[in-house]
Amino acid sequence: MPWFKRTKKGIQTPTEEKKDVPKGLWYKSPTGKIVDSEELEKNFYVSPEDGYHVRIGSKEYFEILFDDNKFKELDKNLTSQDTLKFEDKKKYTDRLKEAQDKTGLKDAIRCAVGKSMGADLVVACMDFSFIGGSMGSVVGEKIARAADYSLKKKIPLLIISKSGGARMMEAALSLMQLAKTSVKLAQLSDAGIPYISLCTDPTTGGTTASFAMLGDINISEPGALIGFAGPRVVRDTTGKELPEGFQTAEFVLEHGFLDFITHRRDLKRKINLYLDLVLNRPLREKTA
Amino acid sequence: MEYLDFELPIKELQEQYTKACLIGEESDVDVSNTCKQIEKKLKETKKEIYKNLTPWQRVQLSRHPDRPYTMDYINAICGDSFLELHGDRNFKDDKAMVGGLGKIGDQSFMFVGQQKGYNTKTRQFRNFGMANPEGYRKALRLMKSAEKFKVPVVCFVDTPGAFPGLEAEERGQGEAIARNILEMTRLKVPIIVVIIGEGASGGALGIGVGDKVLMLENTWYSVISPESCSSILWRSWEFKEQAAEALKLTATDMKKLKLIDEIVKEPLGGAHSDREKTFTTIAGAIEKYYADLKMLSPTDLVKNRMKKYLEMGEFKG
Chain A
1 MPWFKRTKKG
11 IQTPTEEKKD
21 VPKGLWYKSP
31 TGKIVDSEEL
41 EKNFYVSPED
51 GYHVRIGSKE
61 YFEILFDDNK
71 FKELDKNLTS
81 QDTLKFEDKK
91 KYTDRLKEAQ
101 DKTGLKDAIR
111 CAVGKSMGAD
121 LVVACMDFSF
131 IGGSMGSVVG
141 EKIARAADYS
151 LKKKIPLLII
161 SKSGGARMME
171 AALSLMQLAK
181 TSVKLAQLSD
191 AGIPYISLCT
201 DPTTGGTTAS
211 FAMLGDINIS
221 EPGALIGFAG
231 PRVVRDTTGK
241 ELPEGFQTAE
251 FVLEHGFLDF
261 ITHRRDLKRK
271 INLYLDLVLN
281 RPLREKTA
Chain B
1 MEYLDFELPI
11 KELQEQYTKA
21 CLIGEESDVD
31 VSNTCKQIEK
41 KLKETKKEIY
51 KNLTPWQRVQ
61 LSRHPDRPYT
71 MDYINAICGD
81 SFLELHGDRN
91 FKDDKAMVGG
101 LGKIGDQSFM
111 FVGQQKGYNT
121 KTRQFRNFGM
131 ANPEGYRKAL
141 RLMKSAEKFK
151 VPVVCFVDTP
161 GAFPGLEAEE
171 RGQGEAIARN
181 ILEMTRLKVP
191 IIVVIIGEGA
201 SGGALGIGVG
211 DKVLMLENTW
221 YSVISPESCS
231 SILWRSWEFK
241 EQAAEALKLT
251 ATDMKKLKLI
261 DEIVKEPLGG
271 AHSDREKTFT
281 TIAGAIEKYY
291 ADLKMLSPTD
301 LVKNRMKKYL
311 EMGEFKG
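Those sequence lines, one after another, are chains A and B. All residue numbers for the first sequence refer to UniProt numbering, where the first residue is 1 and numbers rise by one. All residue numbers for the second sequence refer to UniProt numbering, where the first residue is 1 and numbers rise by one.
Read the hints as simulated data drawn from the structure, not as lab findings. Misleading hints may appear alongside valid ones.
[Said to hold, decoys possible] Quick partial rundown of chain A residues pointing at chain B, CB under 7 angstroms, derived from the structure:
no.	residue
1	Thr7
2	Leu74
3	Phe86
4	Ala186
5	Leu188
6	Gly192
7	Leu225
8	Ala229
9	Val233
10	Thr238
11	Thr262
[To be verified] Derived lysine-lysine pairs resembling BS3-like cross-links, with alpha carbons at most 25 angstroms apart:
no.	chain 1	residue 1	chain 2	residue 2
12	B	Lys316	A	Lys97
13	B	Lys51	B	Lys307
14	A	Lys85	A	Lys70
15	A	Lys153	B	Lys51
[Unchecked claim] Derived Cβ-Cβ restraints for the label pairs, each shown as a range:
no.	chain 1	residue 1	chain 2	residue 2	range
16	B	Gly87	A	Lys70	35 to 41 angstroms
17	A	Asp259	B	Phe125	33 to 39 angstroms
18	B	Gly87	A	Glu60	41 to 47 angstroms
19	B	Lys121	A	Arg145	46 to 52 angstroms
20	A	Asn77	B	Lys121	52 to 58 angstroms
21	B	Gly284	A	Arg145	55 to 61 angstroms
22	B	Gly87	A	Gly51	56 to 62 angstroms
23	B	Lys103	A	Lys153	45 to 51 angstroms
24	A	Asp259	B	Lys103	40 to 46 angstroms
25	A	Thr237	B	Lys92	18 to 24 angstroms
26	A	Arg55	B	Asn90	33 to 39 angstroms
27	B	Lys92	A	Asn77	36 to 42 angstroms
All C-beta atoms, glycine included, are put in the ideal place defined by N, C-alpha and C.
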């Protein structure tokens, strides 16, 4: 005799009536580990049990890198302009508006200057939540201006990449941002100002084919996807099964395109250690 | 001669014309009037079709199997003076990227460009014009060598994209292209870039940064091919015409957006319909723009080039 008797067959609850844990209390990592949100935040948004580095945005990276979360945002009012009047299934202007409303961001990157372990640092950090972190004119211009700020004030530059690549809705305008950002990085390099590229999950397409791979050092976080062509494209083109770990940060390190991979907890210390070493200045105490 | 779908009216008239002339030759009937009429109609139809090409039709022309490729231009322009140079000095010689030294008149140039094949066998050999990282590194090696000897650089762009393969990723396709772009922004010799066919994304820009960027009339240049754009944004391969329209990838659009410097006219019917004329036009254009660029000091040259690229982009605020 069963305890319950199912009177109706199949699951009848409509999706919108399903009971769910309120969003934001818990985080579930890809391996299935459940983490309390507050605990996750304290652990630099890394799942403590399996070390999974959760995708975070500029707000969180600024918090991690700048002392007391104090910084001055640069060029924060730049927004995209739909010169091409691009329309696919949706208008580009509608996509922009939606993304802005959803994320509260102006575009897919924020740039800021502040103190990191007591020394000035310019950070340009991409936001994947804004149209896949895609690079259009605004991202290009903001990186160029951040690099220019570094150049004029002789402050090291850190670019945190997190992007699916160039923004299709700005077509060739976005393609040319690869060249534009490279011009400024060339000037920075000629001036002997260090540029660190942090490739985070994911860094693909046009981003990889420009500033993400051009750092004096290129670094990454464990498990991040880094590649030129996305894994699906590679599989479809070659018709081959991809080896395990293909295009992970570890794979890219092994093939010689990264200097090191760091846990997010050590990010601030390691960046500043590199800067002290390469600029031949006294090592600072760990204040992170 | 192969005809594209929108060229079928031309094919029909051409066949009628040939037939009419044949009748005239084989019999005593005077067909000279008919022939003349058809010829006139043929001319008008050609004009009508080629003056009103849609972006997608231009994409089709840019991929026309009879269209001249990089080596055709180089051989025609330089003749016996061309000396092909191979290898990236690290890994191998990429057959999708060719390069070498050659003369136009008395002036030496370093030529670099993607190369496509003419039939199944050579297409595979050339990997359909899709270079691997070693191709971009070979191109950079040649450009740096040109810089050392103060020889100007000419790049012929014709690629459906950088090769998205497993080994390409292992060997750093992204890094190779990024490095080229950066080094080309500061190369101390004139760089003239000519888009002769397809200019697909980073694969094109990897040898596409220059003081003068020219596009032949029936070529395309954008961040993605219309087909891939259709598949990503429309989630279907069927919207390539709309995608071609939306991407503003034609020479006219690119010039209007100030992303290229000049448009080079093609003979009526496309570059392949009168190859000799196309080669002469390109050789002339290279000589003309080089004459301007050689007047600049290396410092001014680089300064102007950097300024041009820094001005690209449209935004508010």
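Cross-check of the supplied hints:
1. Thr7: violated (40 angstroms)
2. Leu74: Violated - the Cβ of leucine 74 (chain A) stays beyond 7 angstroms from chain B, reaching only about 12 angstroms at its closest.
3. Phe86: Holds - the Cβ of phenylalanine 86 (chain A) comes within 7 angstroms of chain B, reaching about 5 angstroms at its closest.
4. Ala186: holds (5 angstroms)
5. Leu188: With Cβ-Cβ at 10 angstroms, over 7 angstroms, it is violated.
6. Gly192: Cβ of glycine 192 (chain A) sits 15 angstroms from chain B, so the hint is violated.
7. Leu225: For leucine 225 (chain A), the interface hint is violated, since the closest Cβ of chain B sits about 11 angstroms away, which is over 7 angstroms.
8. Ala229: holds (3 angstroms)
9. Val233: holds (5 angstroms)
10. Thr238: Hint holds; threonine 238 (chain A) Cβ to chain B Cβ min 5 angstroms, cut 7 angstroms.
11. Thr262: violated (20 angstroms)
12. B:Lys316 <-> A:Lys97: holds (14 angstroms)
13. B:Lys51 <-> B:Lys307: Violated. Lysine 51 (chain B) to lysine 307 (chain B) sits at ~34 angstroms, over the 25 angstroms cutoff.
14. A:Lys85 <-> A:Lys70: violated (38 angstroms)
15. A:Lys153 <-> B:Lys51: violated (53 angstroms)
16. B:Gly87 <-> A:Lys70: 35 to 41 angstroms: Taking Cβ atoms as reference, glycine 87 (chain B) and lysine 70 (chain A) lie about 52 angstroms apart, which means the hint is violated.
17. A:Asp259 <-> B:Phe125: 33 to 39 angstroms: Check passed, 37 angstroms falls within 33 to 39 angstroms.
18. B:Gly87 <-> A:Glu60: 41 to 47 angstroms: The hinted range 41 to 47 angstroms holds for glycine 87 (chain B) and glutamate 60 (chain A), with Cβ atoms some 46 angstroms apart.
19. B:Lys121 <-> A:Arg145: 46 to 52 angstroms: holds (50 angstroms)
20. A:Asn77 <-> B:Lys121: 52 to 58 angstroms: Check passed, 57 angstroms falls within 52 to 58 angstroms.
21. B:Gly284 <-> A:Arg145: 55 to 61 angstroms: violated (40 angstroms)
22. B:Gly87 <-> A:Gly51: 56 to 62 angstroms: This hint is violated: roughly 43 angstroms between Cβ atoms.
23. B:Lys103 <-> A:Lys153: 45 to 51 angstroms: holds (48 angstroms)
24. A:Asp259 <-> B:Lys103: 40 to 46 angstroms: The hint (40 to 46 angstroms, Cβ to Cβ) holds, given that aspartate 259 (chain A) and lysine 103 (chain B) are roughly 44 angstroms apart.
25. A:Thr237 <-> B:Lys92: 18 to 24 angstroms: Hint holds: Cβ distance 19 angstroms, inside 18 to 24 angstroms.
26. A:Arg55 <-> B:Asn90: 33 to 39 angstroms: Holds, since arginine 55 (chain A) and asparagine 90 (chain B) (Cβ atoms, about 34 angstroms apart) stay within the stated range.
27. B:Lys92 <-> A:Asn77: 36 to 42 angstroms: About 49 angstroms separates the Cβ atoms of lysine 92 (chain B) and asparagine 77 (chain A), which means 36 to 42 angstroms is violated.
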